[in-house]
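Enquirer: One-letter residues, chain by chain:
6 protein chains.
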Amino acid sequence: MTLVDKTGSVDARMWKLPQSLRDGLDGPEYVRVEGNAHEYRGMLQVKVERLEVLKADEVEEGDYLPETEKDRQALAAEVVSAGQTLQNDHLRELFARMVADEELWEAFCSAPAAKGMHHARIGGLLEHSATCLRVARAVAEIYPEVDRDLLIFGAVFHDVGKTQELSWSSGGFAYTTPGRLQGHVIVGDRIVAAHVGAIPGFPEDLALEVSHLMLSHQGELEYGSPEQPKTLEALLVNLIDNLDARAAMFLETTRNVSAGGWSHHENPLKRTLYVPEREGGAAQDAPGN
Amino acid sequence: MTLVDKTGSVDARMWKLPQSLRDGLDGPEYVRVEGNAHEYRGMLQVKVERLEVLKADEVEEGDYLPETEKDRQALAAEVVSAGQTLQNDHLRELFARMVADEELWEAFCSAPAAKGMHHARIGGLLEHSATCLRVARAVAEIYPEVDRDLLIFGAVFHDVGKTQELSWSSGGFAYTTPGRLQGHVIVGDRIVAAHVGAIPGFPEDLALEVSHLMLSHQGELEYGSPEQPKTLEALLVNLIDNLDARAAMFLETTRNVSAGGWSHHENPLKRTLYVPEREGGAAQDAPGN
Amino acid sequence: MTLVDKTGSVDARMWKLPQSLRDGLDGPEYVRVEGNAHEYRGMLQVKVERLEVLKADEVEEGDYLPETEKDRQALAAEVVSAGQTLQNDHLRELFARMVADEELWEAFCSAPAAKGMHHARIGGLLEHSATCLRVARAVAEIYPEVDRDLLIFGAVFHDVGKTQELSWSSGGFAYTTPGRLQGHVIVGDRIVAAHVGAIPGFPEDLALEVSHLMLSHQGELEYGSPEQPKTLEALLVNLIDNLDARAAMFLETTRNVSAGGWSHHENPLKRTLYVPEREGGAAQDAPGN
Amino acid sequence: MTLVDKTGSVDARMWKLPQSLRDGLDGPEYVRVEGNAHEYRGMLQVKVERLEVLKADEVEEGDYLPETEKDRQALAAEVVSAGQTLQNDHLRELFARMVADEELWEAFCSAPAAKGMHHARIGGLLEHSATCLRVARAVAEIYPEVDRDLLIFGAVFHDVGKTQELSWSSGGFAYTTPGRLQGHVIVGDRIVAAHVGAIPGFPEDLALEVSHLMLSHQGELEYGSPEQPKTLEALLVNLIDNLDARAAMFLETTRNVSAGGWSHHENPLKRTLYVPEREGGAAQDAPGN
Amino acid sequence: MTLVDKTGSVDARMWKLPQSLRDGLDGPEYVRVEGNAHEYRGMLQVKVERLEVLKADEVEEGDYLPETEKDRQALAAEVVSAGQTLQNDHLRELFARMVADEELWEAFCSAPAAKGMHHARIGGLLEHSATCLRVARAVAEIYPEVDRDLLIFGAVFHDVGKTQELSWSSGGFAYTTPGRLQGHVIVGDRIVAAHVGAIPGFPEDLALEVSHLMLSHQGELEYGSPEQPKTLEALLVNLIDNLDARAAMFLETTRNVSAGGWSHHENPLKRTLYVPEREGGAAQDAPGN
Amino acid sequence: MTLVDKTGSVDARMWKLPQSLRDGLDGPEYVRVEGNAHEYRGMLQVKVERLEVLKADEVEEGDYLPETEKDRQALAAEVVSAGQTLQNDHLRELFARMVADEELWEAFCSAPAAKGMHHARIGGLLEHSATCLRVARAVAEIYPEVDRDLLIFGAVFHDVGKTQELSWSSGGFAYTTPGRLQGHVIVGDRIVAAHVGAIPGFPEDLALEVSHLMLSHQGELEYGSPEQPKTLEALLVNLIDNLDARAAMFLETTRNVSAGGWSHHENPLKRTLYVPEREGGAAQDAPGN
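Protein chains in written order, with this note's numbering: chain A, 85 to 373; chain B, 85 to 373; chain C, 85 to 373; chain D, 85 to 373; chain E, 85 to 373; chain F, 85 to 373.
Chain A on its own, in the form it takes in the complex (with noise of 0.2 angstroms):
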């Protein structure tokens, strides 16, 4: 039994079901609980000792929800000013225009940045997408070779797809009929050609760049992108969201794991993973807290 609320998911275990449970439940039902948690095999679990199930009434959808800890604003605010910074006119134009379409920002304020993979949370994409607008300002100072504008801009935009392939309002996170016949690399690259085609003057070649890192993101065909990346904006946004996405799975499926133990092998990474004990106060310490 995995118990979600707006905070994570835990394992755990009741011992005395009671009888109109004993069927098992016909699938996710918002429940109250109380019990104990305690550590079994170096991973958090709740003894549940009452357990009830609530009616439709009774429940508030957004505690339950998981929502990043993280200040919305503040990351909000970070992405805002990184498109201030911009040099190239048009670019810095197409950004200030995502950012002003208020249904679109709103959106993609609020969206998780997957189903289940990682960053699987209300304001999950924001967060994704600010932390690689991080790793990109680093990388952009790096290799000066780096269209630095492009750059940028495709780290903060490049799923900006996944607010129209999800749906996360509905008391869970779903693909949408646009998401699951279209998918979030095309959404995404029509959210920005459109932008683009509001604005004069944007140069054909640059808005073929742009279209191209959207499409490309995702580094590989068998991923969902039509095409390799060709550019090296694009090849380096694909790096980044790779890498920003694996450092998640990681800190995501490891939460519970206590300093030494290993993570189950169910986790996007398909592997089981370590916490190493850290000398001088590895409890604090640990990835995850």
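What the hints contain is simulated information worked out from the structure, not anything from laboratory work.
Glycine included, each C-beta is placed from N, C-alpha and C at the ideal position.
Please note that a few of the clues may not be correct.
[What the hints assert, rightly or not] Pairs of lysine to aspartate or glutamate, EDC-like flavour, derived with a Cα cap of 20 angstroms:
hint, chain 1, residue 1, chain 2, residue 2
1, A, Lys-354, E, Glu-306
2, F, Lys-354, A, Glu-306
3, D, Lys-354, E, Glu-306
4, F, Lys-154, A, Glu-225
5, E, Lys-199, A, Glu-350
6, A, Lys-354, F, Glu-304
7, B, Lys-354, D, Asp-289
[Said to hold, decoys possible] Simulated restraints, written as ranges between beta carbons of each label pair:
hint, chain 1, residue 1, chain 2, residue 2, range
8, E, Gly-200, A, Glu-288, 52 to 62 angstroms
9, F, Glu-133, B, Glu-133, 41 to 51 angstroms
10, A, Glu-350, C, Glu-288, 54 to 64 angstroms
11, C, Glu-304, A, Glu-118, 27 to 37 angstroms
12, B, Lys-154, F, Gly-344, 29 to 39 angstroms
13, A, Gly-255, D, His-349, 51 to 61 angstroms
14, A, Ser-165, B, Thr-169, 51 to 61 angstroms
Following the hints, put chains B, C, D, E and F in place on chain A, whose structure we already have.
Expert: Structure of chains B, C, D, E and F alone, referenced to chain A:
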């Protein structure tokens, strides 16, 4: 040495190489050739007696680019009249607008279907599209569950992006920059979406189905489709496209193979292909004649 | 819980599990069920009120094995008369002998086409073969280079080995020992070769072509064909087989999906499938109705 | 330039190419060569002083096709007497009939085991079969659960289809048309099945086991076996076949590599291979001497 | 429900589950069982009448961990005396030091060869190593080019890293932290390198060959070897290891399959396995008896 | 013809090949060349007028091996001072000992990072390591959960095994025998383990983490790592290594591509790469200039 003109290609050998060619050519060149054709190990081969490299002003490019042997006007008329049989008003109008877009339609009737895999000839895209149309008509009758209008639209226009992915005016077939940065799948989806967007009252759901069909026609992610086919019509367009492509690969590879002979191994199907000897006048009925 | 009878299968739920079933069943069982059908997340589901496990002597097996809804006699007649149209005397005689082999022909008209992928029902092999025949007839007209006789023979009999690979008399579909040790590709090739061997003067080359077509119809080595298709007819039989198999997978998977809904992800195509809402009376025209 | 004769092949270089050869050869030719052998980067190389292309009537084909250095009569005798040790009456008779089939047995003792991977020499099939027999005898002793008779039959005859898959009389090794359309796995299974069919009272189950062993000896579907090995003996025949094939690839590739040297990368094992320097008289004991 | 003790494992069913077990067990537990064994679909099954979960102090761990049925002392003696036959002084001393390292040798004679694939039992590593030794001795005779000393050393010690990769004292087989962070390939190479380093005058080249053999024994990179085998002995050790591993997978999977029956599909070979009915007293000779 | 010197490589053509070169060269040679450079299809090309093959004593090898254009002393100093910032006493000492090992450190500052993929130049390993260090410093700031000391150690020394895997003194880059038999992953792990072993009191757990990071830095088994990364720092070292390797592949491939042009297809990224035309003085800012 391979000789190519607009009727196809053939292996060639030359025993007395003129001094000026002793060090090879810098790439494909236009040449004037005299010699004799003969059969060698079951394939046609030309023994070249005289070979002369031509200067740019001696060349009529149209004489050299391979071109379909089919009647392009008749094929175009067949496609156009198929469009008029669609029963869904929106799709019939979309089809009509594609045909009425002069620049697009002219390119559609001239473009090759590929740079080298199959139908790599002027008019090849039209030929491929018309053959897919014929198969699609038959399939729609055999499977009554199919939406015939969508299937026919997809069979005809799934590869429309090739008109911008490839160039064919400069004496050879080459990828364009948009062709390499976006690819024909995305370019084609955008072409159709632009025409859809210009039709008042085109249903959103239908637009999504059409877009899905354009995006998924490669069948698998590793072939460049960002989504696998998830509707019956998208699935069938991919299967029909694949059937005609592979039949063409076979027929084009075995064009010069005589009855009872085997092709080279180097062809798009990556296997040596067999042309059986047929009873009663095999020669006349052999594939490729 | 999944309920299966000869008309298909359906998901089911039961809230008051009788004491005797509390610990689950030891495998599939024949049951008598009462309850109500309703739609749940776009798929039909049965809410079971009463469920009773039947004893062996209470069961009429024919009522439970899924069976084609098509008219088997009409399909068989269609196949038989197609054989009479073959122009090559040897192939026409071969076709006739296959049909005249009573044990074989009866099995051919009863066997399922697979244990679970597609056409997994009594009469499924006949249904699949007859549909492939129809597609082959159309294809032979569209590609004049094709040897129509060979294509039709292959379209009808490529899967004849299924008659011995599978068993369907013991209340379920199962692999036989020859089916597991040799597989339907080899068994089918042997069945045809035995009939070929009994025809005086059957040309050796033609026998080889027929055998190649039987052996290569899976298309790729990893699907169980010891050789890839290397003749035009073998290539097309594989493509036609594949087209009907995938169309059937789609239609069978979406049978209970209502218009505008999505199927489960677990099906032979390994992706969730979409049944669009059609304009003007969608419900009646939805696939599977 | 590679020189091949019946003792093997060797790299060669020629500095003063005669005028007539300046434009290359049209394919492999018979030549008479004079020159000096020397070691170059740890591999034997011939520096050619004089080279003359021979006419067809100057050639004794037997002098040029590579041929095993082993005593073919002794190997054949070893195989024949192994057959006489079988305890199962049916298998002993089957073995005897295979050996007594003169045309088959003569081909078996002359055929190469492959066109190029390993044992690509006259007598190579016999050599490979005899070595597999020796390994099989040892394995049958180590694993008492094994049916020794079946294992020995399979070790000797798993590749018997090569006698018809390949031709070796026309001055080179080539695939035959049945070899390409059916492949040695199927051809071999048919050869054995024909002999099984001629033995009165041969048990059906045993015939199925023998057939399974023939069909599955490539081990995996992608290597051309329509089924994976599913009996202990079929599994072991595949493993023994693989062991001898890979040992032969190593020994044949490193034949001309001196102690302490590395082979080229282009060989059937697709990696550069090492011949260590051995203590105490390495040169004499190096593999290939 | 699967029952395991030191003689192996068996499927079991229990119809009257005691109330305390109604909700399942929290993992594997020690139990005391009464019931009847019978055959079900060709496999042995136990019908449990009484089942009692034991407390920790009621358990003698040695009674439950599966353990080899072979005589471990005899196997160990066979390995030790094989080491004494090595002719190369350095390798003979290395072998002797491995055996004389008490902690290592004791672990080597007790460790399982794997957590679950094959030889997953106390003494399994010794059993696997001794069988590989026997095959290696035969192979060294059949291929005179082989360095027998190296082959025998590798056949015996290629898996020595398992002694530290796995733990087997805590009532089950589990991966250790070094086992997960380094793996048995590296751990084994380090164990051998440490002993090599302690032998004065051990030739550097020979040390490299031994290390290569340890590192490459998995055969392919994707199985955890950082290099493919590039010497004859490394190649053969991999092939011999593979042969014994697969034979063991077959024999362990079919242990309870009766003659003429098929195993489950879920086993390390990922296919259903067949145990043929043998003529004349099949039952006694069936694999696994 | 490709010309290489220590500043890089360039395509070249020669129209009047001297008689002595008519038959090609026996391998790479040192040459003296006169001619003119020009742009051909967007890439720099040299038209050679005079070409002279040099004798061994005319050659100064240092003039020909490609060498980094960066300041090696500055890079080395940057790495050394990064080591002094480590806070963990054990890792800081380990880092210091690596730098103080004169033979190792000199090799580290001279070695190429690869034979051909990226950074294949004298000083290339240092350049790659220093760039990874810079990325690692940024990443450690962005992800506070990371153990900065381990990450920096790994970013700098993950490829230290290249110092023994490759040789670069004999006029070219080549694999050594240990490089081929063990590979740089294992050699690097052993180098670090030897230094760890010499530090009194180095914690066993930390040694295991360092070893895991060295062993897993290739990321996947098929790239030569015997284990996948299972700690956060090992995961990030792999991702940082990959980011710099791919960026270098891009920059090195497009070095001679002019703005708006495309690279050849044959490069380590196996796709044609694009160098966009930039607004406002593109030529000066193009990658690679």
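Enquirer: For the pair supplied as a hint, Lys-354 of chain A and Glu-306 of chain E, confirm whether the alpha-carbon distance does not exceed 20 angstroms.
Expert: At roughly 15 angstroms apart (the allowed maximum being 20 angstroms), Glu-306 of chain E and Lys-354 of chain A satisfy the hint.
Enquirer: Tell me if the beta carbons of Lys-154 of chain B and Gly-344 of chain F are separated by a distance inside 29 to 39 angstroms.
Expert: 37 angstroms, holds
Enquirer: What's the verdict on Lys-354 of chain F and Glu-306 of chain A, does the C-alpha distance respect the 20 angstroms limit or exceed it?
Expert: This hinted pair holds, its Cα atoms lying about 16 angstroms apart.
Enquirer: Does the Cβ distance between Glu-350 of chain A and Glu-288 of chain C fall inside 54 to 64 angstroms?
Expert: 57 angstroms, holds
Enquirer: Is the straight-line distance between the alpha-carbon of Lys-354 of chain A and that of Glu-304 of chain F 20 angstroms or less?
Expert: 12 angstroms, holds
Enquirer: Against the range 51 to 61 angstroms, how does the distance between the Cβ atoms of Ser-165 of chain A and Thr-169 of chain B compare: consistent or not?
Expert: 57 angstroms, holds
Enquirer: Can the suggested window of 51 to 61 angstroms be confirmed for the beta-carbon pair Gly-255 of chain A and His-349 of chain D?
Expert: Once the Cβ atoms are compared, 59 angstroms apart, the range 51 to 61 angstroms for His-349 of chain D and Gly-255 of chain A holds.
Enquirer: Check whether the Cα positions of Lys-199 of chain E and Glu-350 of chain A lie no farther apart than 20 angstroms.
Expert: At roughly 18 angstroms apart (the allowed maximum being 20 angstroms), Glu-350 of chain A and Lys-199 of chain E satisfy the hint.
Enquirer: Regarding Gly-200 of chain E and Glu-288 of chain A, is the given constraint of 52 to 62 angstroms on their beta-carbon distance met?
Expert: 59 angstroms, holds
Enquirer: Do the alpha carbons of Lys-354 of chain D and Glu-306 of chain E lie within 20 angstroms of each other, as the hint requires?
Expert: 16 angstroms, holds
Enquirer: With a cut-off of 20 angstroms on the C-alpha distance, tell me whether Lys-154 of chain F and Glu-225 of chain A pass.
Expert: 16 angstroms, holds
Enquirer: Given a hinted range of 27 to 37 angstroms, is it respected by the beta-carbon distance of Glu-304 of chain C and Glu-118 of chain A?
Expert: 57 angstroms, violated
In this structure, the earlier hints numbered 7, 9 and 11 are contradicted, and the remaining ones agree with it.
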